[in-house]
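Just so you know, the sequences run in chain order P and D. The first sequence lines up with residues 1 to 190 when you count with my numbering. The second sequence lines up with residues 1 to 190 when you count with my numbering.
Heads up, some of the hints might be wrong.
[Claimed, not checked] Result set (SDA-like, lysine to any residue): computed pairs, CA atoms no more than 20 angstroms apart in a straight line:
#	chain 1	residue 1	chain 2	residue 2
1	P	K184	D	R148
2	P	K190	D	K190
3	P	K184	D	Q189
4	D	K190	P	D177
5	P	K51	D	S23
6	P	K188	D	R181
7	P	K184	D	K184
8	P	K188	P	A138
9	P	K184	D	Q150
10	P	K190	D	Q189
11	P	K4	P	S23
12	P	K190	D	Q185
13	D	K184	P	R148
14	P	K143	P	D177
15	D	K188	P	Q189
16	D	K184	P	R181
17	P	K51	P	T77
18	D	K51	D	P149
19	D	K184	P	Q185
20	D	K51	P	N29
21	P	K188	D	E151
22	D	K4	D	T43
23	P	K188	P	A144
24	P	K190	D	T43
25	P	K51	D	P121
26	P	K190	D	R181
27	D	K188	P	N29
28	D	K184	P	E151
29	D	K190	D	K51
30	P	K184	D	P149
31	P	K184	D	K188
32	P	K188	D	G147
33	D	K184	D	A135
34	P	K51	P	P118
35	D	K188	P	P118
36	P	K184	P	T77
37	P	K184	D	G147
Calculated directly from the structure, the hints in this document are not laboratory data.
2 protein chains.
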Amino acid sequence: MRRKTDQTRQRIVDAAYELFWRSGFTRTNVDRIAAEANLTKRTLYSYFRSKDDLLAAVLLRYGELAAARLQRIGERTPDDQIGMIESLFNQMAGWAGATPRWSGSGFTRLVVELADLPGHPARAIARRHKTTTEAWLAGRLAKARVGRPQERARDVMLLIEGSMALMLIHGDRSYIDAASRAAKQLIKQK
Amino acid sequence: MRRKTDQTRQRIVDAAYELFWRSGFTRTNVDRIAAEANLTKRTLYSYFRSKDDLLAAVLLRYGELAAARLQRIGERTPDDQIGMIESLFNQMAGWAGATPRWSGSGFTRLVVELADLPGHPARAIARRHKTTTEAWLAGRLAKARVGRPQERARDVMLLIEGSMALMLIHGDRSYIDAASRAAKQLIKQK
Numbered sequence: 001m002r003r004k005t006d007q008t009r010q011r012i013v014d015a016a017y018e019l020f021w022r023s024g025f026t027r028t029n030v031d032r033i034a035a036e037a038n039l040t041k042r043t044l045y046s047y048f049r050s051k052d053d054l055l056a057a058v059l060l061r062y063g064e065l066a067a068a069r070l071q072r073i074g075e076r077t078p079d080d081q082i083g084m085i086e087s088l089f090n091q092m093a094g095w096a097g098a099t100p101r102w103s104g105s106g107f108t109r110l111v112v113e114l115a116d117l118p119g120h121p122a123r124a125i126a127r128r129h130k131t132t133t134e135a136w137l138a139g140r141l142a143k144a145r146v147g148r149p150q151e152r153a154r155d156v157m158l159l160i161e162g163s164m165a166l167m168l169i170h171g172d173r174s175y176i177d178a179a180s181r182a183a184k185q186l187i188k189q190k
Numbered sequence: 001m002r003r004k005t006d007q008t009r010q011r012i013v014d015a016a017y018e019l020f021w022r023s024g025f026t027r028t029n030v031d032r033i034a035a036e037a038n039l040t041k042r043t044l045y046s047y048f049r050s051k052d053d054l055l056a057a058v059l060l061r062y063g064e065l066a067a068a069r070l071q072r073i074g075e076r077t078p079d080d081q082i083g084m085i086e087s088l089f090n091q092m093a094g095w096a097g098a099t100p101r102w103s104g105s106g107f108t109r110l111v112v113e114l115a116d117l118p119g120h121p122a123r124a125i126a127r128r129h130k131t132t133t134e135a136w137l138a139g140r141l142a143k144a145r146v147g148r149p150q151e152r153a154r155d156v157m158l159l160i161e162g163s164m165a166l167m168l169i170h171g172d173r174s175y176i177d178a179a180s181r182a183a184k185q186l187i188k189q190k
């Protein structure tokens with residue numbers, strides 16, 4: 001029984017994750033999530049009290065997937081300074097190119113959707129994720145003996161976020177290439 | 001009569017602009033716009049057939065305001081390379097700091113909200129606006145005798161978009177300062 005309950009819960013979270021990713025949080029309604037998960041809205045509400053509760057569960061899932069992605073990126077990333085930067089941005093370009101209707105970082109998108117709600121719990125989770133990513137980058141840069149790795153990690157974060165925004169706006173991956181070149185230039189600093 | 005009609009139309013656009021800015025496009029409904037403009041929904045629909053039509057009118061207004069802002073920024077921006085970059089990012093920080101519930105570029109936000117609708121007419125307007133801004137930057141950089149002004153304009157755009165995203169995520173203006181420093185470093189290239 002417990003098992004079936006867990007499976008149903010997971011099915012709801014997966015459907016919500018899929019739909020939030022596809023159409024954003026605001027434009028996805030609970031009816032559609034229930035339909036996608038193949039159950040009634042009443043059943044859905046016996047697992048999650050509200051769309052915000054469901055969002056919290058989805059964000060945990062987002063966070064796990066994002067951590068797994070960082071892990072995989074890390075495994076594929078060489079330790080030399082130039083190779084590392086190229087690999088990071090190439091993997092980003094590959095992700096953008098291979099994902100149908102790619103819309104950039106799910107966390108960034110959520111923050112933009114909830115821009116007028118700074119106290120929303122999802123905002124804190126997104127913030128933590130970005131902080132973790134920046135610290136992870138600083139660790140990699142330090143390992144590659146880049147000077148002032150914390151400051152350079154911040155530069156790389158700026159270029160990652162900027163290139164995701166401009167790639168989404170223009171549908172043009174040359175912004176990712178430009179970001180990669182700029183990052184290589186910036187990590188040369190003493 | 002024509003005059004009163006124009007004024008009413010303008011009042012609707014202003015109310016919609018205000019609300020789209022505050023809560024985003026998706027979460028703003030037509031009832032609220034009508035209430036804010038102090039008229040009935042029926043009257044609103046005699047001016048605009050749909051929320052999307054209204055969005056098109058609001059985007060024209062966005063575009064005018066954005067062009068006026070670029071103009072003002074230009075007037076306040078010195079022509080020396082370092083001073084220009086510092087002035088640009090300082091003005092951005094001032095804008096972010098002075099705007100209640102600042103949520104970054106309205107065009108970027110709209111593109112993120114409509115990430116799954118690449119064919120939406122609003123996306124094309126946003127794209128044009130960013131292209132204009134990048135060309136304007138390239139012109140300013142060329143005037144300041146920065147080498148490869150087109151490529152450097154792209155770098156500055158990446159840092160502007162990245163710092164708006166991270167400023168929104170973290171509520172921390174030090175990302176704008178970091179972007180300013182990175183931009184100054186990048187325009188030094190031969």
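Evaluated hints:
1. P/K184 / D/R148: Distance of about 17 angstroms is within 20 angstroms: holds.
2. P/K190 / D/K190: Judged against 20 angstroms, a Cα distance of about 18 angstroms means the pair holds.
3. P/K184 / D/Q189: Holds. P/K184 to D/Q189 sits at ~12 angstroms (cutoff 20 angstroms).
4. D/K190 / P/D177: holds (19 angstroms)
5. P/K51 / D/S23: Roughly 18 angstroms between the alpha carbons, so the hint for P/K51 and D/S23 holds.
6. P/K188 / D/R181: holds (14 angstroms)
7. P/K184 / D/K184: holds (15 angstroms)
8. P/K188 / P/A138: holds (15 angstroms)
9. P/K184 / D/Q150: holds (18 angstroms)
10. P/K190 / D/Q189: holds (15 angstroms)
11. P/K4 / P/S23: Cα-Cα ~29 angstroms, so violated.
12. P/K190 / D/Q185: With a Cα-Cα distance of about 12 angstroms, the restraint between P/K190 and D/Q185 holds, given a limit of 20 angstroms.
13. D/K184 / P/R148: At roughly 17 angstroms apart (the allowed maximum being 20 angstroms), P/R148 and D/K184 satisfy the hint.
14. P/K143 / P/D177: violated (24 angstroms)
15. D/K188 / P/Q189: Roughly 12 angstroms separates the two Cα atoms, so the pair holds.
16. D/K184 / P/R181: Roughly 15 angstroms between the alpha carbons, so the hint for D/K184 and P/R181 holds.
17. P/K51 / P/T77: violated (37 angstroms)
18. D/K51 / D/P149: The given pair, whose Cα atoms are some 40 angstroms apart, is violated under the 20 angstroms limit.
19. D/K184 / P/Q185: Holds, because 12 angstroms separates the two Cα atoms, which is no more than 20 angstroms.
20. D/K51 / P/N29: The given pair, whose Cα atoms are some 19 angstroms apart, holds under the 20 angstroms limit.
21. P/K188 / D/E151: holds (19 angstroms)
22. D/K4 / D/T43: holds (13 angstroms)
23. P/K188 / P/A144: Cα-Cα ~12 angstroms, so holds.
24. P/K190 / D/T43: Given that 20 angstroms is the threshold and the Cα spacing comes to 64 angstroms, the pair is violated.
25. P/K51 / D/P121: violated (29 angstroms)
26. P/K190 / D/R181: Within the cut-off at roughly 14 angstroms; holds.
27. D/K188 / P/N29: Not satisfied, since the Cα-Cα distance of roughly 50 angstroms exceeds 20 angstroms.
28. D/K184 / P/E151: Holds. D/K184 to P/E151 sits at ~15 angstroms (cutoff 20 angstroms).
29. D/K190 / D/K51: Violated, at about 49 angstroms.
30. P/K184 / D/P149: holds (18 angstroms)
31. P/K184 / D/K188: The hint holds at about 14 angstroms.
32. P/K188 / D/G147: holds (19 angstroms)
33. D/K184 / D/A135: Holds, at about 19 angstroms.
34. P/K51 / P/P118: At roughly 18 angstroms apart (the allowed maximum being 20 angstroms), P/P118 and P/K51 satisfy the hint.
35. D/K188 / P/P118: violated (37 angstroms)
36. P/K184 / P/T77: The hint holds at about 15 angstroms.
37. P/K184 / D/G147: holds (18 angstroms)
Checked against the numbered hints given earlier, this structure breaks hints 11, 14, 17, 18, 24, 25, 27, 29, 35; the rest are met.
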